[in-house]
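Visitor: Okay, here's what each chain looks like letter by letter:
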Amino acid sequence: MSTQAARPTPPVNRSANTGQTKEKEKRPGGLSSRFFGASAMSFPTWAYALFFFVIPVALVIFYSFGYKPDQFTAIATDHLSFDRYPEAMSASFVSTFFATLRISLFGTFLCLIIALPFAYWLAIKVSPARRSLALALVMVPFWTNFLVRTLGWQIMLSPDGFLSQWMQGLGILDGPLDILYTRSAVQIGVVYNYLPLMILPLFVAIDASGQKLREASYDLGAGKVKTFLRVTLPMAMPGVVSGCLLVFIPLNGDYVTATVLGGASGSMVGQLIANQFNTAQNWAVGAAMAMILIVSTLVVVGLGFTLLKLGQTITARLNSVPLKDGRA
Amino acid sequence: MTTTAATETTPSTGLDHLEIRGVKKVFGDNTAIERLDLTVHKGEFLSLLGPSGCGKTTLLRMIAGFETPTDGAILLAGRDIVSLPPHRRPVNTVFQSYLLFPHMNIADNIAYGLKQAKVPKPEIAQRVREVLALVQMEDFAGRKPEQLSGGQQQRIALARALVNRPQVLLLDEPMSALDRKLREEMQLELKRLHTKLDTTFVFVTHDQDEALAMSDRIVVMYNGVIQQIGSGEDIYANPHNGFVAGFIGKQNFVPAETVGTESGTARLRTANAIMETTSLDRRPASATGTAGTLTVGERVRAAIRPERMRVAPAAQERPGTNSARGTVMSVSFLGDVIQYMIVVGDNDEILARVPAAGNELLASGTEVDLSWEAEDVAVYDCEDGVPSAEDGV
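Residue numbers (our numbering), protein chains in the order written: chain A, 149 to 476; chain B, 17 to 409.
Don't take every hint at face value.
[Claimed, not checked] Distance condition first, Cα-Cα at most 25 Å in a straight line; then the derived BS3-like pairs of lysine-lysine:
#1 B:LYS131 to A:LYS372
#2 A:LYS457 to B:LYS131
#3 A:LYS374 to B:LYS131
[What the hints assert, rightly or not] Chain B is faced by these chain A residues, among others (derived, beta-carbon under 10 Å):
#4 LEU249
#5 ARG250
#6 ASP367
#7 GLY371
#8 PHE376
#9 ALA412
#10 THR461
#11 ILE462
#12 ALA464
#13 ASN467
#14 VAL469
#15 LEU471
[Claimed, not checked] What the simulated footprint calls covered on chain A by chain B, stretch by stretch (three residues with Cβ under 8 Å from a Cβ of chain B suffice, anywhere in the stretch; the number is not a length):
#16 355-365
#17 378-389
These are calculated hints, taken from the structure and not from any lab test. Ideal Cβ placement from N, Cα and C applies to all residues, glycine included.
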């Protein structure tokens, strides 16, 4: 946070008034008053980050070193240790953890491949007049409570729900739809819940990549697919990255979807953590689990970025022209 | 795509290279191009010149394939290309805003078209190097477009199109974003490239100086209609209608009435002068009008070029035929010429340009006599809806 507050302090303008600078520098508090001025102006930003991010995360870290002293107390921190971490890594936690990771990664991937053609269509094919309507329709689910929307899927996916009846009626299924309270139901639910978070940044990025550049690509002999792969997609990469982050990170910590649609066999790490805090009243183990989740999420994101960079470097190598000279 | 190795050796077939036949383009209720016929010769530098909204860019985009004609055919070397999508047409475009791909370096930008055409890599490298040398940008291959100035990006955009050896190079106001000095340099450069490459250039511009400086032929367009096709000199010296007369160069239009036609000359009366003209033709206001001969009593517009005006300090006697007395309202010294804005009578503003050499600079407010020759007076229909140059009403 402090870096953000410090950034706006302008460099001392030496070049403009070399003669007067020395005098100014001598004046007490010249730099620090400027520093505090900038901090004051960015108050809303750093205060928000401080109170809603830095302090809560610091508390979680702190609690993860504590312990549960007795049946009726959730946390004690008079004696700090790393002991809660091995305790948190139980066999059931580890298996749920990897299941969660699989749901998150696959869910992010599904969101991406569903959102990409849709965002492309929205940004390029839909007339600007209709576009705001289409975008509003994408946003409509957000007007309803997350839990209520997920409960809607519970009704839809239930063995005696209308989807099940239709599919049996059409002869697609022999018996009732047996998907509720499984990982598949959770997978469907998370894709549904997080899809708009993928569509919006992709739409913005594809929209910004520009029709004119696509024309230039067609003009140079590239068809629609080539133009998409060589021009539109590379230029929309920032949108792909932010969409994946927006979906993957909250999805990894989601527990509502899994609670409503997953039942016992479709649980996610988020539920285990929530259980430690709410049911077991063991904040120390809950905090340790949360830390494991946070760190592993960061590691996965970091790995993702590395793979992306690597991929971009490789494709750039493959596509570039090997000029002997002039490749500076 | 646009070129294969075969293209460069395509022999001149004797057919006219690019032929636009009866092309019409309608956007909703708005007709952008009205049944247009145009033939572009092989290796020619042809400019489409006209004010914005005249349809010149629409015509270019139809040749490139970005717009489909509502009607008509576009033939390239005898083959109708209307049904071909842009990426299958052997033409390339230099765009107004360059449109270099920002995520690729200069070499990759230039190589883009060759890669689509599946040219072997060593040949791509060779041709990219050649074209970079051609536009004198060898040292920039590894840079990103954002690191280049506007003029440099312009050269790269040109190289990116030319490297494909297109049968026709389309240029869509490529210099409008450059400053004047750079623009003049690029004009010379473009002319040099055209001479060297022998490619057909179709150049869209609203800048008549640019068109006059570079073109073999100029197509003047207005309201989706070709007003005149010809060389720069031809269009300037012999405009077929009032629009061309007013659009190319400066022109003094004066409302007049025909008062007599005798052997070889016609007499016109304007608010402040009697004119004699050797032109007995009345040219139309625009290409959609019809020409005719002058008849007595007809209301027309007389037109005289500013550089055909002579300016002298007012003499003792009143000026006679083909002359008028006025007052200098403003003087601009333009280096090689002196430009006067002279008010004749109540509010006839006449523009006159006299060579700076051998003529004294007359101060604003000086009373002067204007005079001109009968052969410098052209006569046009007065018709509403055709804008004329703002000077000389």
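Visitor: Does each hint fit the structure? Answer for all of them.
Guide: To see whether the hints hold, each was checked on the structure:
1. Among the hinted pairs, LYS131 of chain B with LYS372 of chain A is consistent with the structure: their alpha-carbon atoms are about 15 Å apart, no more than 25 Å.
2. Our distance criterion of 25 Å between C-alpha atoms is met by LYS457 of chain A and LYS131 of chain B, whose separation comes to about 23 Å.
3. The hinted pair formed by LYS374 of chain A and LYS131 of chain B meets the criterion: a straight-line CA distance of about 11 Å does not exceed 25 Å.
4. Nearest Cβ of chain B to the Cβ of LEU249 of chain A: about 31 Å, over the 10 Å cut. The hint is violated.
5. Given hint, ARG250 of chain A at the interface with chain B, is violated; its Cβ is 32 Å from that chain's nearest Cβ, farther than 10 Å.
6. About 5 Å separates the beta-carbon of ASP367 of chain A from the nearest beta-carbon of chain B, less than 10 Å, and the hint is met.
7. With a least beta-carbon distance of about 5 Å to chain B, the hint placing GLY371 of chain A at the interface is held under the 10 Å criterion.
8. Look at PHE376 of chain A: its Cβ only gets to about 13 Å from chain B, farther than 10 Å, so that hint breaks.
9. Evaluation of the ALA412 of chain A hint against chain B yields a violated restraint, the C-beta minimum of about 48 Å exceeding 10 Å.
10. Residue-level restraint check for THR461 of chain A is violated (minimum Cβ-Cβ distance to chain B is 13 Å; threshold 10 Å).
11. Because the closest C-beta pair between ILE462 of chain A and chain B is about 15 Å apart, greater than 10 Å, the hint is violated.
12. With a least beta-carbon distance of about 8 Å to chain B, the hint placing ALA464 of chain A at the interface is held under the 10 Å criterion.
13. Annotation: ASN467 of chain A was flagged as interfacial toward chain B, and the flag holds, the nearest CB pair being 7 Å apart, inside 10 Å.
14. A distance limit of 10 Å between C-beta atoms decides the matter here; for VAL469 of chain A the minimum to chain B is near 4 Å, and the interface restraint holds.
15. Annotation: LEU471 of chain A was flagged as interfacial toward chain B, and the flag holds, the nearest CB pair being 5 Å apart, inside 10 Å.
16. Remark: the stretch 355-365 of chain A is confirmed as covered by chain B, as 5 of its residues place a Cβ nearer than 8 Å to a Cβ of that chain, reaching the required three.
17. Only when three residues or more bring their CB closer than 8 Å to a CB of chain B does the claim for the stretch 378-389 of chain A stand; here the count is 4, and the claim holds.
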